[in-house]
Amino acid sequence: MTSQQEIDEEILEYAGVRVPGGHPSRDYPPYRSSGLRHPRQALTVVTDPEAVELYTPVFGAGDVTALDADLTRQHSGEPLGERITVTGRVTDRAGRPVRGQLVEIWQANAAGRYVHRQEQHPAPLDPNFTGAGRALTDAEGNYSFTTIKPGPYPWGNHVNAWRPAHIHFSVFGTAFTQRLVTQMYFPGDPLFAFDPIFQSVTDPAAQQRLIAAYDHGLSVSNFSLGFRFDIVLDGPSATYFEEDHQ
Amino acid sequence: MSQNLEPTPSQTVGPFFGYGLPFPGGSDVAPAGHPDAVSVHGFVYDGEGNPIPDAILDFWQAAPDGSRAGSPGSLRVDTSNGRLLGRDGVRFTGFGRVGTDGDGHWALRTFAPAPDAPYLAVCVFARGLLHHLFTRIYFPGAPEDALLAGLSPERRATLLARPESDRVLRFDVRLQGGEAEETVFLDFG
Ligand SMILES: [Fe+3]
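Sequence lines, in order, name chains A and B.
For the first sequence, our numbering gives the first residue as 1, with consecutive numbering after it.
For the second sequence, our numbering gives the first residue as 1001, with consecutive numbering after it.
It is worth saying that the hints were derived from the structure and are not from the lab.
A hint or two may mislead.
[Stated by the list, open to error] Between beta-carbon pairs, the in silico distance windows are:
| hint | chain 1 | residue 1 | chain 2 | residue 2 | range |
| --- | --- | --- | --- | --- | --- |
| 1 | A | Met1 | B | Asp1065 | 22 to 30 Å |
| 2 | B | Tyr1019 | A | Ser219 | 24 to 32 Å |
| 3 | B | Arg1170 | A | Gly62 | 30 to 38 Å |
Fair warning: this is a prediction, and the values are worked out from it, not measured in the lab.
Virtual Cβ for every residue (Gly too), placed ideally from N, Cα, C.
Okay, chain A solo, but in the shape it has when bound (with noise of 0.2 Å):
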């Protein structure tokens, strides 16, 4: 199997490339993963503002509890680990608030474990902590979870793959084509330059972007401490054409 420093020579090779948008180019070889999953023939162009895809689905209090953003509470214990609030902002690129919008998250649990069966490394389960929950964003675009910090955890890419700690993010925007998976990161981590996925983003002003703050402010006395994680979704929506057209 290939080693870290083969990976590393090979992640320097497209380091610092300006992708439009920051997104990481679906044929990036250090992922070992992404070389017979990404597609060869052109994207196609398409420019209709009937675009069903210009709209998209609507998720409501019937969805979604208040309950569901605090992963900390699904158990009858408490889950091991260091507590922590995630909250941020869910705007389009012109600053725009996405309300009432499905965010959607799901990690390892605080020793790098997730409740996966096809993940066995020897790491502990926590019968108190699944590591999947669900918010609404508010009138303002705003969301916040409250769950533990996931740990780091090794994987199959090549040997001592390490992937630095991340929570996943599903999220909703106004049209179907803002539609976002992405991993949040936690600053700092030593894991950044190893991680061939992180490095996938090869514009470092972009990477920044995948990085959650630290934020003393939202950090709760006596309970958890406080990251802030800002979403900007990239794609048009029908409001961008009613809207840039009048």
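Start from chain A and add chain B with the ligand according to the hints.
Same frame as chain A, now just chain B with the ligand:
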């Protein structure tokens, strides 16, 4: 646009979304037993033609009357214990979500899309895919819209669901391949 904020970059959905994203009844956009319901199913394949067991598809479509407004109630939470219940079987929400099985297969039950919005919008996520892909599923007899009209016959064919039996359509997603094989994926700018 008043501001031009830089977007949050995409990252792969990874392999472990199975307890975070799927929800009960995610594939039942139309209620079971509804006389107008149509099943659409297929596989997600990689560049070597192997089925992908860790992909997940989001579906979004206009209501049968053409409305694009959508409706809540896809997930529905049991407020007494927090469990996800899924839909109530009455309201049409327009949203579906299906993860592929161990053999790379998925199946969705829905209504044929409205004539003026004649497709299911699909967003594909998978381990190994760093940024989602959009495509569309057109039903047999769909009017040729601007997208279909602009494609060569062999590329167009990748977007057309194929009748398999009564009220059952087949649609495979090929993430990588030659012009005739690879699914047409869309860029909305
Ligand atoms: Fe992960």
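Tell me, which hint numbers fail for this structure?
Of the numbered hints given earlier, the structure breaks just one, which is hint 1.
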